[in-house]
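Peer 1: Required output: the full structure, derived from the provided sequences and hints.
Those sequence lines, one after another, are chains A and B. Residue 1 is where the first sequence starts when you use this note's numbering, and the numbers rise one by one after that. Residue 261 is where the second sequence starts when you use this note's numbering, and the numbers rise one by one after that.
Calculated directly from the structure, the hints in this document are not laboratory data. Take the hints with a grain of salt, since some may be wrong.
Chain B is faced by these chain A residues, among others (derived, beta-carbon under 7 Å) [to be verified]:
{"#": "1", "residue": "VAL2"}
{"#": "2", "residue": "TYR16"}
{"#": "3", "residue": "ASP17"}
{"#": "4", "residue": "GLN21"}
{"#": "5", "residue": "HIS90"}
Mimicking DSS-like on lysine-lysine, the simulated pairs with C-alpha atoms at most 25 Å apart in a straight line are [to be verified]:
{"#": "6", "chain 1": "A", "residue 1": "LYS31", "chain 2": "A", "residue 2": "LYS41"}
{"#": "7", "chain 1": "B", "residue 1": "LYS684", "chain 2": "A", "residue 2": "LYS85"}
{"#": "8", "chain 1": "A", "residue 1": "LYS199", "chain 2": "B", "residue 2": "LYS313"}
Please read these numbers as outputs of a predicted model, since none were measured by experiment. From the three backbone atoms N, C-alpha and C, an ideal C-beta is built for every residue, glycine too.
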Amino acid sequence: MVSYKGVDYGKILKRYDIGAQNEATPESIAKKMLPSDPVYKKVAETVLYMKFKEVGPAVTEALKTKAPLAVINDGLVVGMEAVAKLYAEHIYYLPEIMMAAKTMEIGIAIAEKQIPGGRETKGVVVMHAAEGDPHDIGKNIAAVMLRSTGYTIIDMGKDVAVVDVVAEVKKAKPMMVTGTALMTTTMTAFPHAAAMLVKDGINIPFMAAGGAVNRDFAESFDLGIYSEKAPQTPPIADKVRAGYDWKKIRAEWENIVGGA
Amino acid sequence: MASTKYTKMAYAHADDMVFGTAKSPVSYGFGIKVGAGRVIPELNYAPRPGSEKDAARLKKEYVDYISKDVLERAVTVGFPDVQMETEWVSQMGQPKMAQPVVEGQKAICEKFHEEYGLNCAVRHTIPDQREAEQGLRVGMKGSHAYPEHLFGCADVACENGADVLSCETMGGKEIADYATTNGDIVAFLFGIGYLGSIDMEYVWSEFVNIAKKNKTVAGGDTNCAGANTSMFMAGGFLDNDVQRTYSAVTRAIASARTLVAWECGAAGPDKDCGYEGPICKSIAGKPTAQEGKNCQCAHCDLQGNLMAQICDLWSNESVEYHPEFGGTSVQCWLGSLGYEVSLMNTAIATGQEKTLRDLYMISDRTRGPEGHILAYDNAYKIGEAITKEGNNYYLRAKAAGLEAAHIIKASNESKELALTNKQKDVLLSMIKELEALPTEESKFFEYCDKKYSELIPNYHKKNYGL
Numbered sequence: 001m002v003s004y005k006g007v008d009y010g011k012i013l014k015r016y017d018i019g020a021q022n023e024a025t026p027e028s029i030a031k032k033m034l035p036s037d038p039v040y041k042k043v044a045e046t047v048l049y050m051k052f053k054e055v056g057p058a059v060t061e062a063l064k065t066k067a068p069l070a071v072i073n074d075g076l077v078v079g080m081e082a083v084a085k086l087y088a089e090h091i092y093y094l095p096e097i098m099m100a101a102k103t104m105e106i107g108i109a110i111a112e113k114q115i116p117g118g119r120e121t122k123g124v125v126v127m128h129a130a131e132g133d134p135h136d137i138g139k140n141i142a143a144v145m146l147r148s149t150g151y152t153i154i155d156m157g158k159d160v161a162v163v164d165v166v167a168e169v170k171k172a173k174p175m176m177v178t179g180t181a182l183m184t185t186t187m188t189a190f191p192h193a194a195a196m197l198v199k200d201g202i203n204i205p206f207m208a209a210g211g212a213v214n215r216d217f218a219e220s221f222d223l224g225i226y227s228e229k230a231p232q233t234p235p236i237a238d239k240v241r242a243g244y245d246w247k248k249i250r251a252e253w254e255n256i257v258g259g260a
Numbered sequence: 261m262a263s264t265k266y267t268k269m270a271y272a273h274a275d276d277m278v279f280g281t282a283k284s285p286v287s288y289g290f291g292i293k294v295g296a297g298r299v300i301p302e303l304n305y306a307p308r309p310g311s312e313k314d315a316a317r318l319k320k321e322y323v324d325y326i327s328k329d330v331l332e333r334a335v336t337v338g339f340p341d342v343q344m345e346t347e348w349v350s351q352m353g354q355p356k357m358a359q360p361v362v363e364g365q366k367a368i369c370e371k372f373h374e375e376y377g378l379n380c381a382v383r384h385t386i387p388d389q390r391e392a393e394q395g396l397r398v399g400m401k402g403s404h405a406y407p408e409h410l411f412g413c414a415d416v417a418c419e420n421g422a423d424v425l426s427c428e429t430m431g432g433k434e435i436a437d438y439a440t441t442n443g444d445i446v447a448f449l450f451g452i453g454y455l456g457s458i459d460m461e462y463v464w465s466e467f468v469n470i471a472k473k474n475k476t477v478a479g480g481d482t483n484c485a486g487a488n489t490s491m492f493m494a495g496g497f498l499d500n501d502v503q504r505t506y507s508a509v510t511r512a513i514a515s516a517r518t519l520v521a522w523e524c525g526a527a528g529p530d531k532d533c534g535y536e537g538p539i540c541k542s543i544a545g546k547p548t549a550q551e552g553k554n555c556q557c558a559h560c561d562l563q564g565n566l567m568a569q570i571c572d573l574w575s576n577e578s579v580e581y582h583p584e585f586g587g588t589s590v591q592c593w594l595g596s597l598g599y600e601v602s603l604m605n606t607a608i609a610t611g612q613e614k615t616l617r618d619l620y621m622i623s624d625r626t627r628g629p630e631g632h633i634l635a636y637d638n639a640y641k642i643g644e645a646i647t648k649e650g651n652n653y654y655l656r657a658k659a660a661g662l663e664a665a666h667i668i669k670a671s672n673e674s675k676e677l678a679l680t681n682k683q684k685d686v687l688l689s690m691i692k693e694l695e696a697l698p699t700e701e702s703k704f705f706e707y708c709d710k711k712y713s714e715l716i717p718n719y720h721k722k723n724y725g726l
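Peer 2: Structure (structure tokens):
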């Protein structure tokens, strides 16, 4: 083998990941973000540190002195917001997001039982992977992220026929529909579905995402909006909930996803 | 057909491996000889959106535009060999869409071979659209009946003139997706190393039969659905979803699974996006297709030079057909591939192939854990770990993962390979988890079956005949 002793690789191809390593800890973020009230803090910490065996007892204990909605919003959701911050700062990664979301969902399920009529959803989103496309990992990650921020998800799965997507939207009346595609020849299902929705007078944003999809394509048809990565989905959904239509989301897209 | 497991290495030493030469070369198509002393460019492409609307349009796109452009450019620039790879779009699951494309590509290859003496061939890679929730095996009667379609597509490809038959099978993906999003290496070992290998044996036993019947060469598979998913989610230096130590270990595990196609009688070349190719080649000595720096049209990776080290076919992965300043996209990317291959072949012709191999490899050796374990000397060590447990899918996949993890750890400790703290934490945790697993396959299965049945709704052991 050719000798490579003494080669300074940093001058050939650099390891930016080593240089950009973030030395901050979850604890330092927690100090800034978690509530001071010890009851809420304990609940939030179970989410932040992904303690899914401890979240149940912590929430049950909190419910003895606090209202269920407050336990959710001031404990569980605050913990998840700290997790999102850790993710944005490259301290936490996808597995931590998934485990924290799972922990939060366990806690929410317990607290929700004590809210008459259940917890109010932020909105319903129909999600699917395009007809002919068996790849749905991105859709699944986005679904977890939306669910953990309070949205109700109708997950239609993968390889979903255009007519089925349209029928589900008519039935469920969601605030937004999303589709993912890995191939350029399957993403062509999205404008077909969107055109059928428009024809039937349905004017909700149709989020197109996935490996094959780019912003140009997503914005090439009426209703179409784009999401490049799963973490961008909740901030976009928040804007839809705030009353933005697909045209306004397109116009302000950079600002909306900038922090995601 | 029973598979014959590899329990010995094809090569006595890692240094014996080099690009352009395989222990068992393969000939097919119009004058193509892979692994016989020359690297061959393999050009892959995707049709423009809309061309899948009807059979006539799709045939025109693949044959009259894409294939003609590729073959003409090969002659124009002076490349002696070119292989094309048609990765079927989902619409080609219907024979009326697929048949004209396969026949048309065969005919145009013959024409260019006769007119110019260009050595050429077409690999057809058919889509695996099986879904775990609908059933992975023939006769399960899911609403899509995709298992039946999978073998039907292989029939259509081979009966109509495919030179090489390939596939990117999806067995175990339902577990692997969970594993990667949750950072669960045991789940990946179960999904890809164990269930994926069982599924490969099921699919490739039949594929080899179909190919033989039609005198087509059964090429091989790739763990695109599993190890590539984790590699691309680990991404580059600005990405932050999955740790690169995790993706490196998944790659090693995947190699034990990809090998199964060859154990079932496939002759190679395997698939370009199977980055596990160097490990598989070290074990079997069959030709490997690889991709790296010349596949930037499809995606980037952190081992673009290294992947060329011991390839027999060198690929661009895939490019959508469209115009560029220098011609059509397929012509431009063939130029990029062909000149790279000409450099490798010049190195072979002048006796410098091992030097060039080493330069390719050294360039990316310390760029990250994924490339590090695929450097040919390390790939060889992982191959040895697999062959020591060659007869048992579980044990060999576990051995591959552990060997890769130990190589990364040792290289980090010797300061050859830098890791971030997080990459190191994940690495040490994976070693602990893999080492704690039982030595008996039955105990491993019992543990995983129970655990993942509860966690993953679309996991069903009957999909694997269990």
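Peer 1: Of the numbered hints stated previously, which ones are contradicted by the structure, given in increasing order?
Peer 2: Structure breaks no hint.
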